[in-house]
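Participant: Following the hints, complete the assembly by docking chain C onto the known chain E.
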Amino acid sequence: MEPGYPNSFEGLPPGPSENPTGGEPQGVAGPSPCQRCGLPSDPALPCPHCLLPPRIPFSGLTLLAREENHYQIFKWIIAGYVLQLVPAMVLGWFMVKEKNPDPDHWQFPILILEIWDFLLVLGIWGIVGRVILKKPSKGVRWTVWLVSPLLLAAVLVLNIAYHMALREFVELPEEIKQNWTLLWIALAAVQPALVEELFFRYLALGAFSRIMGIHAAVWISSVLFSLAHIYSPLSMPYLFLAGLMLGYLRVGSGGLLLPMVAHFLHNLFVIWYEAGPQWMN
Amino acid sequence: MPDHPNDESGLGSLSEKKNANPPATGLGSLAQAARGKTLGTARGILIFVGVLTAVVNLAGFFMAEKSAQEAIDMEIKGLPRGNVPPEILAEAKATYIKIIYLISGATVGLGVVFIILGIFIYQIPVVATVLGLVLYLGGNLVFGFLDPATFVKGVIIKILIVVGLVKAVQSAIAYQKEMKSQTPVEGS
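Here the protein sequences come in this chain order: E and C.
To get my numbering, take the position in the first sequence, counting from 1, and add 15.
To get my numbering, take the position in the second sequence, counting from 1, and add 5.
Next comes chain E alone, as it looks inside the complex (with noise of 0.2 Å):
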């Protein structure tokens, strides 16, 4: 772990069942390191380093994370992941019981679920709370944007080129050509760039930054990433390469907008390389 980052368990405030008054807890009243810069600061006041506003209180939950409960951020995260995972598992047990093959039959069950993958992911961060990483210096941030459109350029080169490998290699029949819809591209391109990118690259990586070094929380959320598009397994190995991009964009560029935006354009890629033609109508 790197000395004076934020998931450093220096100086970590007593939890809130050691506070015997059982008001606010005390370790929200004392100084605490920041969750940005990893200096000491008080909790209700702007940091005076890095000026980061006030951790306060969501809705008037308490939150997880400005307690820095670790344990218990990690049991949510889980238990989102699960919880996204499941519904979609039982969902595709009908699709293949059906044996219908028109994606745009089982639209309204999709738009269903990932309405409740976006609930759940926001729902969660309420209760967690912000997960902020340790930022990196103006040039790094600069660097990262910059290289980003490369990076997304290789891992568009080897999704094609691992998929049309994998098509080789198991002779799998031509997928079935989809009417691609607006709200069909809403689905496949927008939601996973807001939803996924919240979860994995904001929640899970930041939660597990803080009880891990930054690369092992980028190479796990990558594997929760990969393991959780279940309706394709055999893109696995390449998805969890994209989730390292991924991952590694937000840590680089201290934010979440360059993966969400790198997210969105590679789906939309994929949707254009994917239609073809009909692309243009």
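Careful, some of the hints might be misleading.
As a list, the in silico DSS-like pairs of lysine-lysine whose alpha-carbon atoms are at most 30 Å apart [as the list claims (entries may be wrong)]:
(1) C:K172 with E:K90
(2) C:K172 with C:K185
(3) E:K90 with C:K163
It should be emphasised that the hints constitute simulated quantities derived from the structure, not laboratory data.
Facilitator: Leaving out everything else, chain C in the frame of chain E:
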């Protein structure tokens, strides 16, 4: 909250411990020994799951042809005899075999990863337990999607394994903290 990482031993916050730089004796060492025991159990779970996963899928790897034939028989069951041209059947069987090789091979690799995580659990307690739990949960959900029967098979044992690994993560976080607090700060 009873399972707050700081109140396990009831000896005050970790920051206090670190500042005081206490020796690993008395109640602190007892709590650490208990965490070590939980990690030992987690090591057993990970190695057991790893060996089981590797052995079962290695067997699946060598029985790919038989499994492919069974799958083909299931697919064409109910169709009139001779309705499917033999060359199409042979092609479908070859595809099935390749997919079984891919999935079994990857799952044997997963088993080996579990064993490695079990072996290194004391060196990297948090990474080993978190990754073990993530891979176990994710693997079960993926295989549950591919074959619903595998999801419900041995569900009680699976729940016990997940609970054991979740508890192990809690112990690993506290164990790692304690280890860090015992390490003298550089330059002091």
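Participant: Confirm or reject each hint.
Facilitator: Against the structure, the hints:
Of the pairs offered as hints, the one joining K172 (chain C) and K90 (chain E) holds, with about 10 Å between alpha carbons and a cut-off of 30 Å not exceeded. For the hint linking K172 (chain C) to K185 (chain C), the alpha-carbon distance of about 20 Å falls within 30 Å, and the restraint holds. The suggested pairing of K90 (chain E) with K163 (chain C) holds, with an alpha-carbon distance near 17 Å, which does not exceed 30 Å.
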